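Undergrad: Sequence:
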Amino acid sequence: MRGELHRGSHQGGTVGTYSRAKFVALATVVALAAVACSDDTTSTTTTAPAAAETTVPSAGGDTTIATTAPAPVDGLPTTKGDQKVKVMVLTDVTQGQIAYSAPETYQAVQLAFKNFPNATIDVCDAKGDQNEYLNCQQKAVDGKYNAVVVGWSGGGGAGEDALYEAGIPVLGGQGNTTDPLSYSFASGTGNYVGLGAGSVLAGATKIGVLYLEGTDQLVDAIQKGVEFEKGTVVSRASVPNNAPDLAPAVAKLLGDGAELIILSVSPPMVIQAMTAIKASGKNPKVSAVAAILPQKLLDYMKGDADGIYAISSTLNNVEDSKGMAELLAGVEAIKSGTVLTVQTVLGFEAGYVLATAVASITGDVTADSLKTALDAIDGLDMGGLTGPASTKSLPMKGLERFMNPYAIVYQVVSGKLAKQGDLTAIRGAYT
37 MRGELHRGSH
47 QGGTVGTYSR
57 AKFVALATVV
67 ALAAVACSDD
77 TTSTTTTAPA
87 AAETTVPSAG
97 GDTTIATTAP
107 APVDGLPTTK
117 GDQKVKVMVL
127 TDVTQGQIAY
137 SAPETYQAVQ
147 LAFKNFPNAT
157 IDVCDAKGDQ
167 NEYLNCQQKA
177 VDGKYNAVVV
187 GWSGGGGAGE
197 DALYEAGIPV
207 LGGQGNTTDP
217 LSYSFASGTG
227 NYVGLGAGSV
237 LAGATKIGVL
247 YLEGTDQLVD
257 AIQKGVEFEK
267 GTVVSRASVP
277 NNAPDLAPAV
287 AKLLGDGAEL
297 IILSVSPPMV
307 IQAMTAIKAS
317 GKNPKVSAVA
327 AILPQKLLDY
337 MKGDADGIYA
347 ISSTLNNVED
357 SKGMAELLAG
367 VEAIKSGTVL
377 TVQTVLGFEA
387 GYVLATAVAS
397 ITGDVTADSL
407 KTALDAIDGL
417 DMGGLTGPAS
427 TKSLPMKGLE
437 RFMNPYAIVY
447 QVVSGKLAKQ
457 GDLTAIRGAY
467 T
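All you need for the working numbering is the position in the sequence shown, starting with 1, plus 36.
These are calculated hints, taken from the structure and not from any lab test.
None of the values given here were measured: they were computed from a predicted structure.
It is possible that part of the hints are untrue.
[Said to hold, decoys possible] Calculated lysine to any residue pairs in the SDA-like style (CA-CA distance at most 20 angstroms, straight line): (1) 358 with 369; (2) 288 with 270; (3) 288 with 332; (4) 332 with 150; (5) 242 with 292; (6) 150 with 395.
[To be verified] Pairwise CB distance ranges, derived in the manner of DEER restraints: (7) 266 with 339: 31 to 39 angstroms; (8) 304 with 369: 35 to 43 angstroms; (9) 342 with 431: 37 to 45 angstroms; (10) 167 with 318: 58 to 66 angstroms; (11) 304 with 339: 16 to 24 angstroms; (12) 454 with 399: 45 to 53 angstroms; (13) 449 with 318: 19 to 27 angstroms; (14) 216 with 368: 55 to 63 angstroms.
Note that CB positions come from ideal geometry on N, CA and C, so glycine has one too.
Given these sequences and hints, build the entire structure.
TA: Here's what the structure looks like:
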């Protein structure tokens, strides 16, 4: 190891960077967005899936690993190899204080390595606790694991410094988007750039943002995406997490000329916001990250949620596509009852990128050979579950290691998410 565990750190920086209240607010939005990713698998979207965007602007640089297909196919991709490799899946199997866990990440990574007879894939349960999250990292270091795939954990605020210091690549849902050994596919801030871009793609150019106090960082990310698609953020309105009435904030946004209001709030506040918007007598468009619009919330809101645009960086987990059906069948074959959620999709993406890198290595899997192989991946077919995967660093400061620069627009129609277009590559927004 290059150092000891840092128990005072959190995802993406130190608590001292913000006031305590602002840090808690920012963590609340990102955590609740992740929690809401577990949509019901029994729901169905109302449109048939289309092929994903096939063009990915390359950041240039190293030689890339050739993929088996030049563009995404309609079906789950596979790879194989006989290399010896040890992978730890770090996720919450047991729920912590937040009533959410993501054990399905383990089965998703196992599926990605299905054709690797010499691969050891283990899971470490962080139990929603920061100390357990750190203990899992120590186990990965002591156990000489080659890589760690992070699912979702309520203890993720502890960060992954111990792994980076030990030279272990980390893929998946971790918050660190700057370390060269980080390959983050589910950054909250990264997804909010997509929220901005997708909101303009939904058909509006004058954007207002309703957001929680202390989360200006997310609004700045939204603005990046809006401006990339030639839109303008005409107004911002912040509200406390316990705001009893959102009408004044909504009135400010509408008064400043917003044609579309982005909701950057917790899932329960979506109900408050829609009540205030409907009471305004005006009819602006409304958007939010798909993660804060779980099916349970849509069912509760009934028709009041209809019309909201939901922006995501992956296909929704209830999408009726061959790839999604094969993903569900694959994880269920590993463990009966495994659910299909956005975490399953992201876990498979991280696992498949890692498996593809391992398969390309000649000889032993070492820290150097694995990083070289990971950094060579570009335009990797993900079967349409997400856009083609690339591990090339983004130029945007603070999000250099975010690996999922895509946006796809859904709209709530009759209480269900209906796809409005294909995955769009927005790599150029991350500048």
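Undergrad: Hint by hint, which ones does this structure get wrong, listed from lowest number up?
TA: 3, 4, 10 and 14
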